[in-house]
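*Asks:* In the order they appear, the protein sequences are chains A and B. Numbered according to the working numbering, the first sequence spans residues 1 to 508. Numbered according to the working numbering, the second sequence spans residues 509 to 888.
Worth flagging that the hints you see were computed from the coordinates, not collected in a lab. Treat the hints with caution; some may be incorrect.
[As the list claims (entries may be wrong)] Result set (SDA-like, lysine to any residue): computed pairs, CA atoms no more than 25 Å apart in a straight line: (1) B/Lys-654 - A/Ala-322; (2) A/Lys-335 - B/Lys-657; (3) A/Lys-280 - B/Lys-653; (4) B/Lys-626 - A/Ala-322; (5) B/Lys-617 - A/Glu-325; (6) A/Lys-224 - B/Lys-655; (7) B/Lys-627 - A/Ser-453; (8) A/Lys-335 - B/Ile-638; (9) B/Lys-655 - A/Ala-223; (10) B/Lys-656 - A/Val-255; (11) A/Lys-335 - B/Ser-633; (12) B/Lys-662 - A/Ile-332; (13) B/Lys-654 - A/Ser-304; (14) B/Lys-653 - A/Ile-181; (15) B/Lys-626 - B/Val-615; (16) B/Lys-657 - A/Val-255.
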Amino acid sequence: MSQRQVLQVFEQYQRARTHFVQAVAELSARPQNIGTLRDAGVISLLRPLLLDVVPTIQQTAALALGRLAYFNDDLAEAVVKEDILPQLVCSLSEQNRFYKKAAAFVLRAVGKHSPQLAQAIVECGALEALVICLEDFDPGVKEGAAWALGYIARHNSELSQAVVDAGAVPLLVLCIQEPEIALKRIAASTLSDISKHSPELAQTVVDAGAIAYLAQMILNPDAKLKCQVLSALSQIAKHSVDLAELVVEAEIFPVVLTCMKDSDEYVKKNGATLIREIAKHSPELSQFIVNAGGVAAVIDCIGSCKGTVRLPGIMMLGYVAAHSENLSMAVIVSKGIPPLCTCLLEEHEDHIKAAAAWALGQIGRHTPEHARAVAETNVLGTLLSMYMDIRSSEDLQLKAKRALKNILQKCTYLPALEPLLHDAPPNIMKHIVGQFSKVLPHDSKARRLFVTSGGLKKVQEIKAEPGSLLQEYINTINNCYPEEVVRYYSPGYSEMLLERVENYQPVL
Amino acid sequence: MAALVRLETRLSRLREEYFLKNRSVDEDRKIVYKAAVKIQSWFRGCRVRAYLRYLNKMAISIQKWWRGYQSRRYFRKMIKTAYFIMKMNFYNEMAVRIQKRWRGYYVRKYTHNYYALKKYLEAISLNNEIVRNELQEYAEMNEKKKKKKDLEKKEKEKKYKARKMHYLLSTEQIAGIYNSPFRKFPDPMELLLRQSKPLSHRQQQPKSPFTYDLYDWPTCKRPPAFPTGEPLPPIGRQKPQGPFRDAAEVLRQRYKPLEPTLRVAASISSPLEKAREEMKREEWRKCIHDNEFLPFSSYHKNEKYELSIHASEKIGKETYGIKHFREVQPNKWIAGKIYLLHHCSSSFSLLIYILFEIHLFRGTVEVEFLYFLKMNCPTR
Chain A
1 MSQRQVLQVF
11 EQYQRARTHF
21 VQAVAELSAR
31 PQNIGTLRDA
41 GVISLLRPLL
51 LDVVPTIQQT
61 AALALGRLAY
71 FNDDLAEAVV
81 KEDILPQLVC
91 SLSEQNRFYK
101 KAAAFVLRAV
111 GKHSPQLAQA
121 IVECGALEAL
131 VICLEDFDPG
141 VKEGAAWALG
151 YIARHNSELS
161 QAVVDAGAVP
171 LLVLCIQEPE
181 IALKRIAAST
191 LSDISKHSPE
201 LAQTVVDAGA
211 IAYLAQMILN
221 PDAKLKCQVL
231 SALSQIAKHS
241 VDLAELVVEA
251 EIFPVVLTCM
261 KDSDEYVKKN
271 GATLIREIAK
281 HSPELSQFIV
291 NAGGVAAVID
301 CIGSCKGTVR
311 LPGIMMLGYV
321 AAHSENLSMA
331 VIVSKGIPPL
341 CTCLLEEHED
351 HIKAAAAWAL
361 GQIGRHTPEH
371 ARAVAETNVL
381 GTLLSMYMDI
391 RSSEDLQLKA
401 KRALKNILQK
411 CTYLPALEPL
421 LHDAPPNIMK
431 HIVGQFSKVL
441 PHDSKARRLF
451 VTSGGLKKVQ
461 EIKAEPGSLL
471 QEYINTINNC
481 YPEEVVRYYS
491 PGYSEMLLER
501 VENYQPVL
Chain B
509 MAALVRLETR
519 LSRLREEYFL
529 KNRSVDEDRK
539 IVYKAAVKIQ
549 SWFRGCRVRA
559 YLRYLNKMAI
569 SIQKWWRGYQ
579 SRRYFRKMIK
589 TAYFIMKMNF
599 YNEMAVRIQK
609 RWRGYYVRKY
619 THNYYALKKY
629 LEAISLNNEI
639 VRNELQEYAE
649 MNEKKKKKKD
659 LEKKEKEKKY
669 KARKMHYLLS
679 TEQIAGIYNS
689 PFRKFPDPME
699 LLLRQSKPLS
709 HRQQQPKSPF
719 TYDLYDWPTC
729 KRPPAFPTGE
739 PLPPIGRQKP
749 QGPFRDAAEV
759 LRQRYKPLEP
769 TLRVAASISS
779 PLEKAREEMK
789 REEWRKCIHD
799 NEFLPFSSYH
809 KNEKYELSIH
819 ASEKIGKETY
829 GIKHFREVQP
839 NKWIAGKIYL
849 LHHCSSSFSL
859 LIYILFEIHL
869 FRGTVEVEFL
879 YFLKMNCPTR
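When you get a sec, could you build the whole thing from the sequences and use the hints?
*Replies:* Put into structure tokens, the structure is as follows:
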């Protein structure tokens, strides 16, 4: 009798614990309850439940802790301070897979907030345990472990190095080959986070043979997986020419171009990022991309997207055009300039406009042909207005000015230069007038046009210090015309004539 | 006498005259001496001057010739160098012309080849067109797939709904809601209902104890499960019922003899190949020697005649190994006696063994070994 009563007490207690832990887990799923829970001191209450005899309570307690730490970094710090991590790490190696998943979730939640917390996780020896979890049979456990490692490695290169030293990379490459899509996604994202910090880490990932598997997975129809794979490849390729060449040798072209037509925006963005990272290293790689038709795909992608998604594509065009004039001509021939102009006009964000201005500058700076191709689209006026606009950011102004200067120094297409004469500030004016002074002495039709369009008048109105370059250019232009014409258009000519009329003695 | 007086008178004067004459001679002598010296010195001077003049002239002449010779040499050298420089300038000019042409050609053809660049750019635009078309096709294909998937999903949903709401089917008496008598033809939903099988209630599957608290994980979309293949069959299954075939028929079917097709029955290689193989084997068998037949005797002039095996050995069976087991070469013996080794017991059996082993080797190896043993064994 009394035995049953004793056991009843224990049962009640167990039921109470179960109920408490499940309720806390459900409540912590909603972010608005987290403040209340924290004030109620939930972490210290959950801590002993992690060591409970009943496995369900342990797992639910771990789940609740993970959810709490995920949304709030104070709670995550509290988790670290209360020394819960060593317990979790020990149990990671022993318990069943549900507990492992929960523990990996807690580590992930703690490690995501800041490098210090991630460092605390590393110091309590969690990395080895997580790497052992990566060898588990259950794909969910592997996923949890890989995700936790990814969040830890994300912060800086020391933590990434710690993750690599724990031997995670070969296991992650094995995880990529697993059939579950979620696991592949997480493993690809972790590899991307590891390799983004430094070339040595990227080389470690490459040495584990990751590139071949990542390249195969580009064909997978799942959009999020493609995102992660493309991001991983671009993080690898961005560090050096050799790594970029290794990525290219995995035969990603022309498959990557199909990503540029994907319906998902982020796939397009990451695909453009990958192509940009490859193109920026050397002219040979850019040449290869151009030959594979990459420029056309990127241009179409820019035309079809809006917003920050366009940015990597724009930069890629700029990098390709910057390498050599043949490549720049290839960009022009592929009809690259109109999308860039529309970008410049339509976009609201300054940094995208700055990138578009920079790209146009790179295209137009090589030879007069290139400058003409850029100037014919009447984009110089837009660039000038952007440079003069006080509301545009410094970066945008600087890039617009540089682009304008570079194009103007090679531009001999006078109809495009004429409108600029009227509003340009002196430092730009000098280039414009310089170009006129180079072209006008040799072309009589241009001279005529210059006079009739009012350009000569405008030039006369410019005040320049004697001896400066601008004055020399003005003199060269004035020497192209007969003196009467110059005098006619000089300011104050009408007054001068009237004065002469006044002083004239009529001949009777 | 008068002459004497005159002489005496002159005598006194003679002394004076003599003295005066000597004095004048003395005085003249100085003058004459001086004059002579002068004359001589003058003359010598003249002579020396003439000699010097002559020497001078000669020296001048030599120098003149020598200098002329040197300058002519120098002049020739100068001419040569000037000529050389002129030639080199000319060559340089020509080389410049050649290099100018060549460099212009090379640069225009290989480095900045305008036409190649033009072709390249045209090829790029063509390639871009192709790529754009292909990508467009790919995008359209994806769109179509997506649409198809959506359509299929909708269809599936509709069918499921129809199956669930099967009770809304119209009967003879009562027209269902989708089959209003005022309509010309029934609603498509009605047709669907007619086609679909009514949905029966499924048994509630027993929920596993882990599902409710770990179901809504951030990572897994379905409850955790062991990775099994197909589900195991329930234990205590009923035996399969139904009409079975006759056992004899089944056995006959099972043990029917094999009736292979012609292709299987025939061997792998075709008769042609078999015949070829046969021919090759014949040739191999019949071939006696590999020397090709050479038509004229001149080819065989320096050939050594080789005895055939049959002629080189003696007639009949080889008796060694059958009739006798020892080969003796009496010309190699040192002494006249044959050593009998059967007294040496330990080495005897060994020797017999060794002999037996190496009796296969015909030749002097064996004999030498015997010879060696003969030498080493103690004399008997």
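*Asks:* Decide, hint by hint, whether the structure agrees.
*Replies:* Structure-based check of each hint:
1. B/Lys-654 - A/Ala-322: 39 Å, violated
2. A/Lys-335 - B/Lys-657: Violated, at about 35 Å.
3. A/Lys-280 - B/Lys-653: Judged against 25 Å, a Cα distance of about 35 Å means the pair is violated.
4. B/Lys-626 - A/Ala-322: 20 Å, holds
5. B/Lys-617 - A/Glu-325: 17 Å, holds
6. A/Lys-224 - B/Lys-655: Holds, because 20 Å separates the two Cα atoms, which is no more than 25 Å.
7. B/Lys-627 - A/Ser-453: 38 Å, violated
8. A/Lys-335 - B/Ile-638: Since the Cα atoms of A/Lys-335 and B/Ile-638 sit roughly 14 Å apart, the hinted pair holds (cutoff 25 Å).
9. B/Lys-655 - A/Ala-223: Given that 25 Å is the threshold and the Cα spacing comes to 17 Å, the pair holds.
10. B/Lys-656 - A/Val-255: Cα-Cα ~24 Å, so holds.
11. A/Lys-335 - B/Ser-633: 9 Å, holds
12. B/Lys-662 - A/Ile-332: 46 Å, violated
13. B/Lys-654 - A/Ser-304: 19 Å, holds
14. B/Lys-653 - A/Ile-181: 20 Å, holds
15. B/Lys-626 - B/Val-615: 15 Å, holds
16. B/Lys-657 - A/Val-255: With Cα atoms ~24 Å apart, B/Lys-657 and A/Val-255 stay inside 25 Å; holds.
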